[in-house]
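Just so you know, the sequences run in chain order A and B.
Counting with my numbering, you get residues 4 to 507 for the letters of the first sequence.
Counting with my numbering, you get residues 1145 to 1498 for the letters of the second sequence.
Do not rely on the hints blindly, as some may be mistaken.
Keeping only pairs whose Cα atoms sit at most 20 Å apart, straight-line, the calculated EDC-like set for lysine to aspartate or glutamate is [as the list claims (entries may be wrong)]:
1) A/Lys234 - B/Asp1260
2) B/Lys1460 - B/Asp1486
3) A/Lys179 - B/Glu1229
4) A/Lys254 - B/Glu1198
5) A/Lys119 - A/Glu201
6) A/Lys369 - B/Glu1198
7) A/Lys179 - B/Glu1318
Hints in this document: simulated from the structure, not taken from any laboratory.
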Amino acid sequence: MTAATASLPENALREVDYSQVDVARLIGELRAVLPPVALLHDSEDMRPYECDGLSIYRQVPLAVVLPGTEAEVAAVLKICHSVGVPVVARGAGTGLSGGALPHAHGVLLSLARMNKILNIDPLARTAVVQPGVRNLRISEEVAPHGLYYAPDPSSQIACSIGGNVAENAGGVHCLKYGLTVHNVLRIRGVTIDGEVVEIGNHGLDAPGYDLLALMHGSEGMLAVVTEITVKLTPKPQFAQCVLAAFDDVIKAGEAVAAVIAAGIIPAGLEMMDQPATAAVESFVHAGYPLDAAAILLCESDGTPEEVAEEIQRMCAVLESHGATEVRISRDEAERMRFWAGRKAAFPAAGRISADYYCMDGTIPRKRLGEMLTAIQGMEKTYSLRCINVFHAGDGNMHPLILFDANVPGELERAEEFGAAILDLSVDLGGTITGEHGVGIEKINQMCRQFNVAERQTFFRVKAAFDPKGLLNPGKAIPSMNRCAEFGRMHVQGGQVPHPEIERF
Amino acid sequence: MTDVEQTWAEQIREAAASKTPLRIRGGGSKDFYGQPLAGTVLDARAHRGVISHEPTELVVKVRAGTPLAELEAALLAEGQMLGFEPPHFGPDATVGGCVAAGLSGPRRATAGAVRDFMLGVTLLDGRGNRLHFGGEVMKNVAGYDVARLMTGSLGTLGVLLDVSIKVLPLPVAEATLRFEMDALEAVAQMNRWGGQPLPVSATSWMAGVLTVRLSGAEAAVTAACARLGGDRLSEQAARAHWQGLREQSQGFFGGEAPLWRLSVPSVAEATGLAGSQLIEWGGAQRWVRTEQDAASVRARAAVLGGHATLFRGADKSVGAFHPLPPALRSIHQRLKHSFDPDGILNPGRLYDGL
């Protein structure tokens, strides 16, 4: 070991082998603290938990626990800590990066039973909820007060708020209303040693380091969340959406920049390319123009006066930037129809292809043209089709690579295609994941986005919460050994990447 | 690495080897903030200038030693602003100091705090490693959010080299209205307005007067003015009011009595502390000038569900910041150790032993 690695936890160097876990002791101890309904260890019973929304990765854990209270969560964690067993927390299992993929020698901790809304304070505009509460349910419950919970990931009907915190979920309205990290005031959680911690409070800040920010997007690697206070937002009185068609995707991208340059922050700003438009149109009949190379959806919300003013300004910008057609939603039904197409993009992909693989890179918006041109080239290289939907306002792209897992070689080509998109995202000054998380899916690309000192910092941050590295090991942050292996597969020009680190 | 970065990295390594504290300093405008200063000065102003500003991407990347006023002028020229309306507390304030102090101004309750606008950071840690986290894009969940962690860390985790910040367009229209009412009613009113789709961008209450600022589309501001009533301030008077609050140049902040900042839930009842008070952020920030002892101020803040900072005061021996519960204190200590194993970066500025 060199001086540089001397203070690193073992898991930073290589993935730890947990195969020698004392399973009988583990199950025995768990049985003592959980009701029978909350402990599964028969492999058939555990089958529903073997994957999350990224089903190409599957693994049955040693046991599944479904605690109903914070005390049970703490008891489970204490046991796992003392036995030395990995713990993977899971919300609704809708994640798209394999973050909740079970560990073969670990416990899967489902928070699905902790699904109560504990308190709603309309005057303070806060709701205290358990992690298993579905995202959309919060907005439904607080609607009578004229309020809603702003982040709206497209899986909001099913995804849980605890999972939203773990991934720092976004949605189509986050340019204006923020991500999960901007809409959570306080988290209660349990660290791996069973200690309850309260991070943040019902005010607007907390003393000390911003641990609340660290918890968001931490993919269940720092603590298990047991209670969340979310900020509620007044429902806009009125919303209207503009649908603009373009005969060229680059022009559409320039129009997006022009809208922002005009000082407008749209409530939503989405782009779809022609293949994506065609796929959803045949599915939901949103009335999208099929001859357009790209369409933009640009939404304004606020008071009726405000919306009228903003829509007028948006239309002027879109028209002067080459829109071939501009439609303004005439009523709420039409607005919903405009959005129905965009929100149905993923299922629509599932309809035209046996399988699809959804990417999540974010790039500076001005590099959009380069990315789309490169993707067209990759379609030829990998002989697979790709349709593009795009949170244009914030540069977050969701290319959907279409493939058929039953055709030998297609899954592998889809994964290589995806990896090439992520590599390019990094090269264009962006990131490999905007809102889906790294999980297991993009862990190798982390070696490209971060250098060895940065990855070591991540492991040290993790160790500040979880010194033994038992929470979700092997996810999100690659060990040095893994990056060395990954680098070996990508040796270019005879140069070994990371010559500075030890090989094991 | 640039020459300056190289020099600093070496300075940090030497300081670490000899366990000599470094005091990271920008313009010194916030030297009063936090706990007592110690160590050899590392003057962050040597590393300055806007690296890139892409108005259409809503992002600015700027070196940490850049004067805050210079950055704000560059943004203004493009019709943009820092959404968190940071206090300068002096003409020499730097961007790095603004981020490290993590202080936000009147717009905080509705637009967000410094941390909400942080997208990326490059820093030197206590080992002299140059590290980059986050980026220049709005959405990024690759790795832990170290960029936001830097806000408010008072230089105890690293020397900031550059930061990427989300910026906002200037509002098209603004208006400031005044109402006479007592503190209790003012807090209730701030919360009621907060729950309605009104373009409120700042609120304050002091000495029987509630002041509210509306910002947004022309039509929205006009409609809200008509609906809320009150007395509308002239543009000049409005600017003076919000600037006086942000910079703490107005009368309330003068004098010698210790200045406490209570951060509490917006609906919290009256602080009940002896002395005068000024309320901001829709009720969530309460400034109190009081000679009451620290323990009772902090106990009261905790009962209200928040925390208390001794913002300005001659005697900081009681601790500038609210004590942390043991479990969080351990996490803080381990985080500090992970970034700065030899404890040389602004030691003690945030908490004793950190």
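For each hint, the structure was consulted:
Between A/Lys234 and B/Asp1260 the alpha-carbon distance is near 14 Å, which keeps this suggested pair within the 20 Å criterion. For the hint pairing B/Lys1460 with B/Asp1486, the CA-to-CA distance comes to about 25 Å; that exceeds 20 Å, so the pair is violated. A distance of roughly 17 Å separates the Cα atoms of A/Lys179 and B/Glu1229; the hinted pair therefore holds under the 20 Å criterion. Of the pairs offered as hints, the one joining A/Lys254 and B/Glu1198 holds, with about 18 Å between alpha carbons and a cut-off of 20 Å not exceeded.
Restraint check: the Cα-Cα separation between A/Lys119 and A/Glu201 comes to about 18 Å, which is no more than 20 Å; the hinted pair holds. For the hint linking A/Lys369 to B/Glu1198, the alpha-carbon distance of about 9 Å falls within 20 Å, and the restraint holds. Between the alpha carbons of A/Lys179 and B/Glu1318 the distance comes to roughly 19 Å, so the proposed pair stays at or under 20 Å and holds.
Hint violations for this structure: number 2 only, all remaining hints satisfied.
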